[in-house]
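S.K.: Residue numbers (the numbering used here): 375 to 505.
Since the hints were made in silico from the structure, they are not lab data.
This structure is a prediction, so every number in the text was calculated from the model and none was measured.
Note that the Cβ used here is the ideal one computed from N, Cα and C, for glycine as well.
Just so you know, not all the hints are guaranteed correct.
Using C-beta positions, here's what the derived DEER-type ranges look like [as the list claims (entries may be wrong)]:
1. Ala437 with Val391: 14 to 22 Å
2. Ala379 with Val467: 37 to 45 Å
3. Ala441 with Leu401: 35 to 43 Å
4. Asp439 with Asn376: 33 to 41 Å
5. Thr474 with Thr442: 34 to 42 Å
6. Leu397 with Ala441: 41 to 49 Å
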Amino acid sequence: MNAAAQLLMTAAAGQPVHLPPELARKLLSCANDSALAGVLGLSLSQRIRLRNDALALAAQELATDDATTWQLAQRLAHAVRRFERVLLPALRVGQHLPLTPHESALWRAYQVSGLRTLSSPRKLYSLLLLY
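Construct the entire structure; sequences and hints are all you get.
M.R.: Next up, the structure:
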């Protein structure tokens, strides 16, 4: 990941950062998520990794027992559908909602630009097998 993306990840973690003026101007001029990804220089593979890492973190948060990978994929698929239906519309218009740890991870997955978030149990199962 490049320095600009690392600065934003640090800021997203709640730590103070100092943005160079040129980077700040570029970020403020972005009209959409793809423009932002372009400014940050994130490649498709980096964005996929960010999305997948966030989904894997959400799955870890949902793993409260000795569930199998398939059961966990089904729980995650259910959580994704609920998130899309209930929370995502409000978050996209800028509402600040209290989120559980797995919902925060799902929100990070949805903030990755240019990618659809996986929602089928089969695809999530394949993803979880890699983590």
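S.K.: Kindly confirm whether 33 to 41 Å is satisfied by the beta carbon distance between Asp439 and Asn376.
M.R.: 40 Å, holds
S.K.: If I claimed the Cβ atoms of Ala441 and Leu401 lie 35 to 43 Å apart, would that claim hold in this structure?
M.R.: About 40 Å separates the Cβ atoms of Ala441 and Leu401, which means 35 to 43 Å holds.
S.K.: Take a look at whether the Cβ-Cβ distance between Leu397 and Ala441 falls inside 41 to 49 Å.
M.R.: 43 Å, holds
S.K.: Confirm or reject the claim that Ala379 and Val467 have a C-beta distance inside 37 to 45 Å.
M.R.: 26 Å, violated
S.K.: The hint says 34 to 42 Å between Thr474 and Thr442; measuring C-beta to C-beta, is that right?
M.R.: 22 Å, violated
S.K.: Between the beta carbons of Ala437 and Val391, is the distance compatible with 14 to 22 Å?
M.R.: 32 Å, violated
The structure is inconsistent with the numbered hints 1, 2 and 5, although it conforms to all the rest.
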